[in-house]
Structure formats: structure tokens, C-alpha cells
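Student: This note's numbering applies: residue 37 is where the sequence shown begins, and numbers increase by one.
Calculated from the structure, these hints are not laboratory results.
Label-pair ranges, simulated between beta-carbon atoms:
#, residue 1, residue 2, range
1, E227, A184, 40 to 50 Å
2, E66, R205, 31 to 41 Å
3, R230, A75, 12 to 22 Å
4, R196, R98, 24 to 34 Å
5, R226, D123, 29 to 39 Å
6, T93, R230, 12 to 22 Å
7, R226, R137, 17 to 27 Å
8, R226, Y153, 37 to 47 Å
Note that the coordinates shown come from a computational prediction; the quantities given were computed from them, not determined experimentally. Ideal Cβ placement from N, Cα and C applies to all residues, glycine included.
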Amino acid sequence: MTTPYDVIVPAGGAARRLDGADKPGLTVGETTLLDRVLAACAGARTTVVVGPARPTTRAGVRWTREQPLAGGPVAAVAAGLDLVTADTVLLLAADLPFLDRRTVERLASALEEAGPYTDAAVLVDAGGRDQPLTAAYRTAALRAALAALGGDPAGQPLRRLVGGLNRLRVADTDNVAYDCDTWEDLEQARERDRS
Numbered sequence: 037m038t039t040p041y042d043v044i045v046p047a048g049g050a051a052r053r054l055d056g057a058d059k060p061g062l063t064v065g066e067t068t069l070l071d072r073v074l075a076a077c078a079g080a081r082t083t084v085v086v087g088p089a090r091p092t093t094r095a096g097v098r099w100t101r102e103q104p105l106a107g108g109p110v111a112a113v114a115a116g117l118d119l120v121t122a123d124t125v126l127l128l129a130a131d132l133p134f135l136d137r138r139t140v141e142r143l144a145s146a147l148e149e150a151g152p153y154t155d156a157a158v159l160v161d162a163g164g165r166d167q168p169l170t171a172a173y174r175t176a177a178l179r180a181a182l183a184a185l186g187g188d189p190a191g192q193p194l195r196r197l198v199g200g201l202n203r204l205r206v207a208d209t210d211n212v213a214y215d216c217d218t219w220e221d222l223e224q225a226r227e228r229d230r231s
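Generate coordinates for the entire structure from the input sequences, incorporating the hints supplied.
Tutor: Structure representation (C-alpha cells):
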């Protein structure tokens, strides 16, 4: 069994490539992108969504907002970290239609098994790219990295926050790191879901 973990879901972005649409509220099948992610992390002790509160199929979600609003992923992480207490926290993007509980548990377990000198277990997509918003982190290491940034987290790139962390790379064997940044991505996700 995986040790307890918390989850932060940044869900307050501007979705510029989706013409400002409410990306977490878009659907694949009959389910919103956000509800799909929330279902995948149902095993979390605390789940924090950083974005505007909205109805979800999952009860018990905690809501908060980054400062300033739409301040970017690092500002969202900073806001979410205020509400988590587990030693392990997963950062999960709100637009992952194929994320599943098995992958969430796999990331948390990989970090636990890696030992104390590993700060993160990061999913690596089929193209070999790290997916820092599909990853498990040691909460203390993430807090220390945030403090090391200094100043306002708004507008800071996520790679600057997590780039210096000692990470274990975990292969995305089920292609769950697929995200929906454009209308074309969303349509492809809908086609994949139907097949």
C-alpha cells in the first residue's frame, strides 16, 4: 500500500490556445477533464484544486486560488502547498483525460521506494519529455524549492521551481500524460475515448 499522499491540481489557467475556454470544464465522453483527474486521485488524503470552485462528481475537494488569479503554475503550487500536510504531494494537471488511479499510485509508490535522496517521481511521456504536472514530490523538497525561488511566484516557470530537484523518471507506459492544450488535442482525446 502506498503511503498517504496529497494532491494539488492547478486549474486556474487562461487556456489561451483554447480561446480562453474553461479547460477543466471541457468534456471527454460525458465527463469533464477535471472530474477525470479527480477520479484518478481518489486515493489522496487531501485533494486541493487551485482554481475557481465548480461542481464536481467528487466530494471533499478543497478549493483555493492562486495570487494573483491566473498567476501561473508556480503561483498555483504555492497556494496549494498551504493546504497540504502529507509528506508526499502529487501535482496533476487538470487536463489529463486518460490519467488513471493506477498511474497516480505508481508515481507515489515510485517516490516512496526511491529513498530519501530522491525529491520527485516524474512521468516521462513517449517523446522522452518530463511531465512535472504528472508527478509525485516530497512536500518538504517542493516547499524548499519554492522558498529558494524568492519573491513572488506569479509568472515563474514551473521548470525553474522543479528543475533542480533530484528526480526519478517514470515511463508513461499507458500514454496517460496526454493533455488537452488545443482544440485539436481535445478532439483527438474524444476520438481516443470513443475507440
